[in-house]
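Below, each chain spelled out in residue letters.
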Amino acid sequence: MTKMSGAQAFIEALKRQNAKVIFGIIGGATLPIYDVLLDSGIRHILSRHEQCAAHAADGYARASGKPGLCMATSGPGATNLVTGIANAYMDSSPVIAFTGQVSTHTPNSSYMIGRDAFQEADIIGISTPITKYNAQVKEAAEIPHTIKMAFYIATTGRPGPVLIDLPKNTQTDIAEMEFSDGIEIRGYKPKYNPHPLQVKKATELLAEAQKPMILAGGGVTTSNASPELLELAELLMAPVATTLMGKGGFPEDHPLSIGNIGMHGTRAANQLILEADVLLAVGTRFSDRSTGKLDTFCSDRKIIQIDIDSAEIGKNLCVEVPIVADAKRTISAIHELLMKQVKKRKDSVWAIRVKEVKEQLLNNASNNGGNDLKPQFLLKELRKILSGDAIVTTEVGQNQMWAALYYKAFKPRTFITSGGLGTMGFGFPASLGAKVACPDRPVVDIAGDGSFIMTEQDLASSVEEQIPVTVIVLNNSMLGMVAQWQRLFYNRRYSAVKLGRVPDFVKLAEAYGAQGIRIGSIGEFSKAVKKAIKSDVTTVIDVPISPEENVFPMVPPGKGLDEIAIG
Amino acid sequence: MIDMGDEKIHIVSAIVENKPGVLYSVANMFRRRGFNIDSISVGPTEQEDLARMTVTVKGDEKTIDQVVKQLNKLIDVVKVSILDPASVVTREMALIKVHSSETKARSDIMNYVEVFRGRVVDISPETLMVEITGSSDKISAFIDLMKPFGIKEIARSGITALSRGSKSVKVEE
Numbered sequence: 003m004t005k006m007s008g009a010q011a012f013i014e015a016l017k018r019q020n021a022k023v024i025f026g027i028i029g030g031a032t033l034p035i036y037d038v039l040l041d042s043g044i045r046h047i048l049s050r051h052e053q054c055a056a057h058a059a060d061g062y063a064r065a066s067g068k069p070g071l072c073m074a075t076s077g078p079g080a081t082n083l084v085t086g087i088a089n090a091y092m093d094s095s096p097v098i099a100f101t102g103q104v105s106t107h108t109p110n111s112s113y114m115i116g117r118d119a120f121q122e123a124d125i126i127g128i129s130t131p132i133t134k135y136n137a138q139v140k141e142a143a144e145i146p147h148t149i150k151m152a153f154y155i156a157t158t159g160r161p162g163p164v165l166i167d168l169p170k171n172t173q174t175d176i177a178e179m180e181f182s183d184g185i186e187i188r189g190y191k192p193k194y195n196p197h198p199l200q201v202k203k204a205t206e207l208l209a210e211a212q213k214p215m216i217l218a219g220g221g222v223t224t225s226n227a228s229p230e231l232l233e234l235a236e237l238l239m240a241p242v243a244t245t246l247m248g249k250g251g252f253p254e255d256h257p258l259s260i261g262n263i264g265m266h267g268t269r270a271a272n273q274l275i276l277e278a279d280v281l282l283a284v285g286t287r288f289s290d291r292s293t294g295k296l297d298t299f300c301s302d303r304k305i306i307q308i309d310i311d312s313a314e315i316g317k318n319l320c321v322e323v324p325i326v327a328d329a330k331r332t333i334s335a336i337h338e339l340l341m342k343q344v345k346k347r348k349d350s351v352w353a354i355r356v357k358e359v360k361e362q363l364l365n366n367a368s369n370n371g372g373n374d375l376k377p378q379f380l381l382k383e384l385r386k387i388l389s390g391d392a393i394v395t396t397e398v399g400q401n402q403m404w405a406a407l408y409y410k411a412f413k414p415r416t417f418i419t420s421g422g423l424g425t426m427g428f429g430f431p432a433s434l435g436a437k438v439a440c441p442d443r444p445v446v447d448i449a450g451d452g453s454f455i456m457t458e459q460d461l462a463s464s465v466e467e468q469i470p471v472t473v474i475v476l477n478n479s480m481l482g483m484v485a486q487w488q489r490l491f492y493n494r495r496y497s498a499v500k501l502g503r504v505p506d507f508v509k510l511a512e513a514y515g516a517q518g519i520r521i522g523s524i525g526e527f528s529k530a531v532k533k534a535i536k537s538d539v540t541t542v543i544d545v546p547i548s549p550e551e552n553v554f555p556m557v558p559p560g561k562g563l564d565e566i567a568i569g
Numbered sequence: 002m003i004d005m006g007d008e009k010i011h012i013v014s015a016i017v018e019n020k021p022g023v024l025y026s027v028a029n030m031f032r033r034r035g036f037n038i039d040s041i042s043v044g045p046t047e048q049e050d051l052a053r054m055t056v057t058v059k060g061d062e063k064t065i066d067q068v069v070k071q072l073n074k075l076i077d078v079v080k081v082s083i084l085d086p087a088s089v090v091t092r093e094m095a096l097i098k099v100h101s102s103e104t105k106a107r108s109d110i111m112n113y114v115e116v117f118r119g120r121v122v123d124i125s126p127e128t129l130m131v132e133i134t135g136s137s138d139k140i141s142a143f144i145d146l147m148k149p150f151g152i153k154e155i156a157r158s159g160i161t162a163l164s165r166g167s168k169s170v171k172v173e174e
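Those protein sequences? They're chains V and E, same order as listed. The working numbering numbers the first residue of the first sequence as 3 and each following residue consecutively. The working numbering numbers the first residue of the second sequence as 2 and each following residue consecutively.
Because the hints were derived from the structure by calculation, they are not lab data. All residues carry an ideal CB built from backbone N, CA and C; glycine is no exception. Take these hints with a grain of salt, some might be off.
Unchecked claim - Distance windows between CB atoms, simulated:
1. V:PRO192 with E:SER158: 28 to 38 angstroms
2. E:LEU96 with V:ASN195: 50 to 60 angstroms
3. E:THR46 with V:PHE554: 42 to 52 angstroms
4. V:ASN195 with E:THR46: 27 to 37 angstroms
5. E:THR46 with V:ARG18: 29 to 39 angstroms
6. V:ASP118 with E:VAL116: 28 to 38 angstroms
7. V:PRO192 with E:ARG165: 27 to 37 angstroms
8. E:LEU96 with V:ARG18: 30 to 40 angstroms
Make a model of the complete structure from these sequences and hints.
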């Protein structure tokens with residue numbers, strides 16, 4: 003037991019969790035914490051909007067596999083975090099958000115919870131549906147345990163965001179603090195080991211399968227199951243498709259990789275999944291964007307689903323063999339059993355078919371001679387320039403889908419994107435978080451002009467805090483993906499998608515003290531990217547593209563994966 | 002369990018942390034996932050730091066499966082069970098205020114109360130307040146009988162339930 007203030011206990015608790023970085027913005031209700039933070043040795047990165055702080059923490063978490071921390075003051079500071087927290091929730095990212103709050107009691111003052119005090123917002127009420135757990139500290143002495151719980155819950159089982167609300171008086175009050183080692187939460191006991199019977203059933207199905215296929219979701223990356231997945235895929239000679247969140251979980255330069263499935267999946271993946279007789283789905287919630295119409299997705303094939311979250315079993319889809327467990331352990335167990343039963347099936351009819359489909363339905367994207375810079379081609383070029391361990395983040399919309407289709411990810415945690423919530427403005431602050439986590443690796447945000455403008459103010463943080471990243475703005479002066487839908491489904495009636503005069507991104511970058519480069523050809527693009535990734539200041543590369551450019555292939559919303567349009 | 006085609010009423014018994022905000026997070030989950038709460042009752046258990054929530058939910062098997070899983074996902078929910086309709090005692094309590102200014106009405110109401118094993122708990126010149134306990138069906142039947150007299154107010158507690166015999170939804174200490 004040690005006597006100290008709540009703020010001191012808070013920082014001490016963070017240190018015990020090995021916290022190195024917090025992204026945030028200070029305010030009245032977090033002053034006591036920031037005072038202790040100043041000489042704590044924990045790095046604080048001052049964001050320019052709390053949404054950026056939350057996305058940066060998210061990017062940090064996804065790039066490193068460690069929890070990402072963000073902090074905001076009460077009221078508007080806290081509510082500004084909401085989009086970032088919701089984003090982390092949808093993509094199961096261990097973001098831990100700390101918010102200041104007005105005091106639980108203040109003698110002779112109305113500055114207290116429940117009286118609509120200055121900058122009071124019910125952030126617990128607001129964040130309940132978008133956090134894995136949230137709690138408000140009622141007394142200073144609760145702080146050590148509450149912080150420990152926050153880290154434990156955010157990072158174990160199916161990871162997810164946790165929010166801890168810290169009333170100002172709990173930061174200043176002095177109390178006897180107890181920092182215990184263990185933690186026991188009776189309502190929370192994640193299970194990691196697969197049930198042997200389910201493993202046996204899955205193995206039998208896979209052993210008998212003539213046309214096995216694997217669908218890798220974000221859970222593969224979360225549980226670091228990529229090496230095991232690769233072994234299993236090679237043993238089965240099963241093609242591996244990924245969901246958007248799963249991208250990077252299986253090396254896309256591997257002969258068995260067939261890219262993403264779904265609305266903007268590759269033709270090969272969407273074709274082969276319809277031919278497969280057994281599908282092993284790992285760490286995926288079968289999002290509507292991945293499956294298309296469920297009848298088509300499921301018909302005639304048996305599905306094995308591995309997920310650590312039992313609520314994902316039967317939520318969107320009823321499967322043949324559900325396994326509630328950690329992906330890494332389960333795939334290992336299946337592999338071990340399967341090794342005794344099957345030999346590598348190099349020359350099976352299915353293996354030949356997979357190769358054939360891959361060759362026939364390759365995503366061809368050549369710069370077809372015209373003056374337009376084709377984003378598809380640029381992204382293939384980008385892959386050639388960047389090292390295998392470089393990290394790419396994306397914004398949301400066409401830029402994201404082009405990146406998913408044409409930029410190949412070779413390693414886990416190298417493709418960071420807002421999968422579930424689809425948050426425009428995510429990519430840039432997330433790239434800053436990723437760069438802070440991995441300072442020695444190039445980090446590139448593939449952006450659109452519409453998305454970048456939503457969080458572009460964090461250029462200030464990137465310059466001030468010396469976090470050099472590269473932003474490639476695929477600039478069509480349009481909210482391009484929505485424009486594409488209006489083109490395809492609303493008879494080209496463009497409503498509210500033309501951005502008109504977007505800012506001059508070169509000047510904008512320079513105004514912040516960053517570097518801006520506008521390119522007009524493929525040659526200039528390569529040169530600019532090479533210059534940018536070597537630069538010690540953030541670089542914005544403005545790439546003018548045609549507003550008429552579409553993302554294809556595309557499975558129209560509500561249709562089956564067999565109804566793919568290729569342009 | 003009341004049959005309504007595929008949709009049935011299920012009784013979910015959840016042991017939760019007895020602290021502020023838990024009812025909110027449970028109710029919030031039901032709302033956000035589109036599950037319908039038919040009734041809910043909450044109270045402390047034999048362990049003072051735990052509370053029992055008895056929730057009756059309408060839905061098919063798939064829905065109820067999700068209800069249980071989503072409840073289990075909440076950190077402050079410690080244990081969840083669907084009570085087996087074949088071996089469960091369910092009770093609801095209602096307070097019903099009925100017009101009874103006429104003498105004939107008053108004695109008729111008293112008779113009904115006796116048959117239903119209720120109790121008159123308050124009398125005023127114009128009204129009687131009846132306390133009645135039992136299954137929800139029994140209470141609904143009683144309320145129907147009271148309608149002709151003119152019901153002034155009703156307060157129903159919602160269903161609470163326990164498994165029969167030695168089976169229990171309990172958290173080991």
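key: Earlier hints that do not hold, by number   = Hints 3, 6 and 8 contradicted; others consistent.
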